[in-house]
Amino acid sequence: MSDTAVKTPAAAPTAPPPKRDRGRLLKALAWVALLVVLLAIPLYLDAAWLKAGQYMMIGGVGAIGLTLLVGQAGQLSLAHAFFLLAGATGYTVLSGPADDERVFGLGLDPGLSLIGAVVIAALLGLAFAPVSGRLRGIYLGVASLSLVFLGLYFGQSAETLTGGTSTGRTPEPFSLFGFPFTNGGPEIELMGVPIRQAERLWYLFLLLTVLAFVVAKAAVRSRVGRSWRAVRDNEAAASVMGVSVTRAKAGAFAVSSAYAGLAGAMTVLWFDILKPDESEFGTYGINISIAFLAMVIIGGLGSVPGALVGALIVNGLPQVLSLYSADLGWFSGTGDGALTPILVSSFVYGAAIILVVLFEPGGLAAIGRRITPGRKPHLPEEQDK
Amino acid sequence: MKRIYPAVALAAVLALSACSTKAGDSGSSGADGSGVKTGKGATASEITLGVMTDKTGVFKNLGLGITQGNELWAKDFNAAGGVCGRQVKLETVDHGYKADTAKTLYPQIEPKVLGFVQLLGSPVVAALKQNIASDKTVAAPASWSSELLDNQYVMIVGTTYDLEIIDGLSYFQEKGLVKDGDTIGHVYIDGEYGKNGLRGSQFYAKKHNLTVKEVKITSTDNDLTNIITGLKGAGVKSIVLTTTPAQTGSALAANKALGLNVPVLGNNPTFDPVLLKSPAANALDKLTIVASSVPFSADIPKAKEVATKYKAAYKETPNGGIPYGYAVGEVWGAVLKKACENKDLTRDGIAAALKQTTSASTEDLVAALDFSKAGTPATRQVYAATPDASAEGGVRYVKPLFEAPEAKEYVAPHQK
Amino acid sequence: MNTFLQLVVNGLGKGAVFALLALGFVIIFKATEVVNFAHGSLVLFGGYLVVVTRDALGWAGASLVGIVSAGLLALLLERFLLSRSRHADANSLALLTIGVDVIVTEEIVRRLGVTLPFLGDAWDAKPFQLGGITLFRTHLVALLVAAVLITAFTLAFKYSNWGVAMRAQAENREAAALMGIRSSRVTATAWVVAGVLAGVAVLFIATQDFSGAGLSRGTHSIALAAFPAAILGGLDSTAGAVVGGLVVGLVEALSAQYVSFDFSKSAVFLVMLVVLVVRPSGLFGTRESTRV
Numbered sequence: 001m002s003d004t005a006v007k008t009p010a011a012a013p014t015a016p017p018p019k020r021d022r023g024r025l026l027k028a029l030a031w032v033a034l035l036v037v038l039l040a041i042p043l044y045l046d047a048a049w050l051k052a053g054q055y056m057m058i059g060g061v062g063a064i065g066l067t068l069l070v071g072q073a074g075q076l077s078l079a080h081a082f083f084l085l086a087g088a089t090g091y092t093v094l095s096g097p098a099d100d101e102r103v104f105g106l107g108l109d110p111g112l113s114l115i116g117a118v119v120i121a122a123l124l125g126l127a128f129a130p131v132s133g134r135l136r137g138i139y140l141g142v143a144s145l146s147l148v149f150l151g152l153y154f155g156q157s158a159e160t161l162t163g164g165t166s167t168g169r170t171p172e173p174f175s176l177f178g179f180p181f182t183n184g185g186p187e188i189e190l191m192g193v194p195i196r197q198a199e200r201l202w203y204l205f206l207l208l209t210v211l212a213f214v215v216a217k218a219a220v221r222s223r224v225g226r227s228w229r230a231v232r233d234n235e236a237a238a239s240v241m242g243v244s245v246t247r248a249k250a251g252a253f254a255v256s257s258a259y260a261g262l263a264g265a266m267t268v269l270w271f272d273i274l275k276p277d278e279s280e281f282g283t284y285g286i287n288i289s290i291a292f293l294a295m296v297i298i299g300g301l302g303s304v305p306g307a308l309v310g311a312l313i314v315n316g317l318p319q320v321l322s323l324y325s326a327d328l329g330w331f332s333g334t335g336d337g338a339l340t341p342i343l344v345s346s347f348v349y350g351a352a353i354i355l356v357v358l359f360e361p362g363g364l365a366a367i368g369r370r371i372t373p374g375r376k377p378h379l380p381e382e383q384d385k
Numbered sequence: 001m002k003r004i005y006p007a008v009a010l011a012a013v014l015a016l017s018a019c020s021t022k023a024g025d026s027g028s029s030g031a032d033g034s035g036v037k038t039g040k041g042a043t044a045s046e047i048t049l050g051v052m053t054d055k056t057g058v059f060k061n062l063g064l065g066i067t068q069g070n071e072l073w074a075k076d077f078n079a080a081g082g083v084c085g086r087q088v089k090l091e092t093v094d095h096g097y098k099a100d101t102a103k104t105l106y107p108q109i110e111p112k113v114l115g116f117v118q119l120l121g122s123p124v125v126a127a128l129k130q131n132i133a134s135d136k137t138v139a140a141p142a143s144w145s146s147e148l149l150d151n152q153y154v155m156i157v158g159t160t161y162d163l164e165i166i167d168g169l170s171y172f173q174e175k176g177l178v179k180d181g182d183t184i185g186h187v188y189i190d191g192e193y194g195k196n197g198l199r200g201s202q203f204y205a206k207k208h209n210l211t212v213k214e215v216k217i218t219s220t221d222n223d224l225t226n227i228i229t230g231l232k233g234a235g236v237k238s239i240v241l242t243t244t245p246a247q248t249g250s251a252l253a254a255n256k257a258l259g260l261n262v263p264v265l266g267n268n269p270t271f272d273p274v275l276l277k278s279p280a281a282n283a284l285d286k287l288t289i290v291a292s293s294v295p296f297s298a299d300i301p302k303a304k305e306v307a308t309k310y311k312a313a314y315k316e317t318p319n320g321g322i323p324y325g326y327a328v329g330e331v332w333g334a335v336l337k338k339a340c341e342n343k344d345l346t347r348d349g350i351a352a353a354l355k356q357t358t359s360a361s362t363e364d365l366v367a368a369l370d371f372s373k374a375g376t377p378a379t380r381q382v383y384a385a386t387p388d389a390s391a392e393g394g395v396r397y398v399k400p401l402f403e404a405p406e407a408k409e410y411v412a413p414h415q416k
Numbered sequence: 001m002n003t004f005l006q007l008v009v010n011g012l013g014k015g016a017v018f019a020l021l022a023l024g025f026v027i028i029f030k031a032t033e034v035v036n037f038a039h040g041s042l043v044l045f046g047g048y049l050v051v052v053t054r055d056a057l058g059w060a061g062a063s064l065v066g067i068v069s070a071g072l073l074a075l076l077l078e079r080f081l082l083s084r085s086r087h088a089d090a091n092s093l094a095l096l097t098i099g100v101d102v103i104v105t106e107e108i109v110r111r112l113g114v115t116l117p118f119l120g121d122a123w124d125a126k127p128f129q130l131g132g133i134t135l136f137r138t139h140l141v142a143l144l145v146a147a148v149l150i151t152a153f154t155l156a157f158k159y160s161n162w163g164v165a166m167r168a169q170a171e172n173r174e175a176a177a178l179m180g181i182r183s184s185r186v187t188a189t190a191w192v193v194a195g196v197l198a199g200v201a202v203l204f205i206a207t208q209d210f211s212g213a214g215l216s217r218g219t220h221s222i223a224l225a226a227f228p229a230a231i232l233g234g235l236d237s238t239a240g241a242v243v244g245g246l247v248v249g250l251v252e253a254l255s256a257q258y259v260s261f262d263f264s265k266s267a268v269f270l271v272m273l274v275v276l277v278v279r280p281s282g283l284f285g286t287r288e289s290t291r292v
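Going line by line, the protein sequences match chains A, B and C.
With our numbering, letter number 287 in the first sequence gets 287, and the count goes up by one each step, no holes.
With our numbering, letter number 413 in the second sequence gets 413, and the count goes up by one each step, no holes.
With our numbering, letter number 138 in the third sequence gets 138, and the count goes up by one each step, no holes.
It is possible that some hints are incorrect.
Under the rule of at most 30 Å between Cα atoms (straight-line distance), these lysine-lysine pairs were calculated in the DSSO-like manner [stated by the list, open to error]:
no.	chain 1	residue 1	chain 2	residue 2
1	C	Lys126	B	Lys286
2	B	Lys136	B	Lys179
3	B	Lys237	C	Lys126
4	B	Lys315	B	Lys343
5	C	Lys126	B	Lys256
6	B	Lys277	C	Lys158
Since the hints were made in silico from the structure, they are not lab data.
This structure is a prediction, so every number in the text was calculated from the model and none was measured.
Next up, chain A with everything else stripped away, as it sits in the complex (with noise of 0.2 Å):
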């Protein structure tokens, strides 16, 4: 009989915290749900609604290209729907039948033009990185709205390439490897229902915004993403740390400006028509520049899902509000001064701008951290500035 107890080494521990894990597991299983249900709503939902869906996704592609710039990057920009415009004419112009007399095209695949839609807007906006290298702040935002006057110039004067402001020109419908979605093409049904125009441009949007925020995220966490938001947070501590802030800089708005383009291109498809505005008010215009930037106040600067619920509010509820409105008999007064949907909309976003700066200048993304269980913010990208 031995004497000498042998102890055992404890246990090292091996299990990880138990609340971390399970908090990342409700995470992935809600967005698995929410995917879900985005694949199966055009076969509950009427066109009305699939088209008003189709229009946040607009937004929400815009509004995480926004995020980077403004919330990432910290460079405010009020141009961008100027970028909307150069996608939505570089994807008609590209796409166009090339023996058009009055409207100039270059008879393209749509897939390559969108891609091309793109590309020219990320362009553009390189194109402009010299000003913003050398403006800050306020200055560069005021400066960026030059762009949309610069962009409603060029819409009015562009004929030949814009179809002008009086009959616009029609965009080629989009097709990937022969499939249209348009009406026309294979009759397909999913569980009995027809999936026709509606439901086919709202997969295409869905999947084009999958696409943007998985890009985005990828770029949040990447190298790129820390250099924008060292130039955010100190610009003399970047460079001294060896970011180049004005390759930092124009990178990040040709990244926002890409994404404005994809916008624009959806736009197009979306309205049917290209149309340059004849005011600085419309499709193109300041008022739209500054929809981008409240979604990006309201989800949260920096916050790529924030941008797509800040998407989801503004441009969402005029939508949204008009149709229930038109159903229930809501706000449906005529007369002088009378109380409509988009009226009430404006004032709701005014509102959430408003109690956001007020309250929770982080936006929805801040609200939404402090409710999630568990775990502790440790990635960058969730630091509030």
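Starting from the structure of chain A, add chains B and C where the hints point.
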């Protein structure tokens, strides 16, 4: 752990499939007892017509007037028995002069209506152009641009902007205000409205050897003083305006203040009675408006009747939109009656009836209309009027319905 | 030549009003580093109060009410919204003013309905001729009023207690606070002053001589012209605001005639862009330099 994901996905799918999909939803169609075919927007007792208007944006005044005119017509039409035993119902939505809102609202309203009695706003009309053609919904846009006539489903009730100007310039020449070889100015808003008006003055100028100083502005420019300064320097004998009422006020005020004092010609949307209460009021005597839809205060029986009914039903300051909205209703009534005769109240039936309408009468609220020739304006006649604070609706005639010889020769952009 | 002179006269006249707007803008920026996107709403609000009280108080009384209310609204904004946003930095506050702007503008435009009020009863549409050139009384009065107010403010900045306090705060907020300068009082006064200037400006903007739009959404767009004017001159320079305003007025008038009218809008912003590229802080703004 990873096996959970597909399980969740499956669960979500099963849950969703428990709710019914929209498969199997289809429009109603068929025929009623007396063999009249019906489709979307027409039931056995009702016909629904759509109104997509502006209640909150830049054209809310005009939108309000036209909608009220539409409503007055519907009431009268139903009181007289409707058509084919059916009453007319109006389904109204507000797009706030925003093309994106209109684009989303359209799929919601489209299945409910047989056609549109009002579609206000050129960006809205442009955004919905494809939809109207593919859904075959006859629509009456509140725009008088002949560029829209390439679409057979578009029903323009009245003379188009280009012809308004041609008739107007002819009237000015008749009165000796403009002579061959003169220089005139034309201030126009960029877009469908302005460009169409300009087409008219360019045509007339070529015929009479006039030089046109063209000035393009946008719908939000409100100060035309610098422009009028330039036109004065160019020695114009007359100015043509294809602008908004605020811009018209500014142009006329500058015309007087700068001492230019030339006669001014304006398309029908250039004037709004509120200008008579602005400081530009005493400069308005130089303005002549040409329109094919009568002023609110016109001295013709039908207009007086509409005016009385309006005042009994609504309290806002009336404008020219009211008799116009009523007139569009009347034309719709004529088309519906023809479709009823043809026993076809489907969308195709309405389109066919429209083509057969060679003379729609609106009891002189608008000139007699002929919709049978594709791409051609339904009429080329206009009234000439001038602002007058003592008249209700703010204008009075100076020349009743007429058509200039040059107007007969003019070929509209899509005229075949 | 006559045309050129007339255009210059038109341009300077409107420029004086832009200068008033830009000055208010710059005062707010100097005191708080916040860019006030809601300036257009202050203008509209003052104008709306004039419309509402004109029948009861006559034009002069109503104008006073308008000016005071615009100042009060500015004060309310500052006290209840801006100073309460504890966590927010200057950029976020600027974005907050966008939210305010949306709400106030939409509500006032809704209330104005189909009316088109003009607010310059004392001087509107009373032009007189001087050797072939037309002088608009509105412009002349605006120039005079602007000159008086701007001189008053420049003197106040240089010599009054408030002016010194504001300049100290603009230089270094913490040091100023340590010296006993009540930051909240300085800021609030700055906002009130800006509001009052907006209330004065509207009496010239909502006139027939200035624009056909009267008091309407168009007035708000005109206030947008304050941006390039203030930026051009340098956001923290009151002299710059004045120069900026006059430059904007002249560029607008001359490019409308000698390039093309639809270019004149872009022309103003283009000129601003060129100035900024050459001098990134505006013509008279203080230059930030970072040396690494």
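Results for each hint:
Distance check on the hinted pair: Lys126(C) and Lys286(B) sit about 18 Å apart at the alpha-carbon level, within 30 Å; holds. Of the supplied pair hints, the one linking Lys136(B) and Lys179(B) is violated, its CA atoms being roughly 46 Å apart against a limit of 30 Å. Our distance criterion of 30 Å between C-alpha atoms is met by Lys237(B) and Lys126(C), whose separation comes to about 24 Å. This hinted pair does not check out: Lys315(B) and Lys343(B) have alpha carbons roughly 40 Å apart, beyond 30 Å.
The suggested pairing of Lys126(C) with Lys256(B) holds, with an alpha-carbon distance near 11 Å, which does not exceed 30 Å. With a C-alpha separation of about 45 Å, the suggested pairing of Lys277(B) with Lys158(C) is violated against the 30 Å cut-off.
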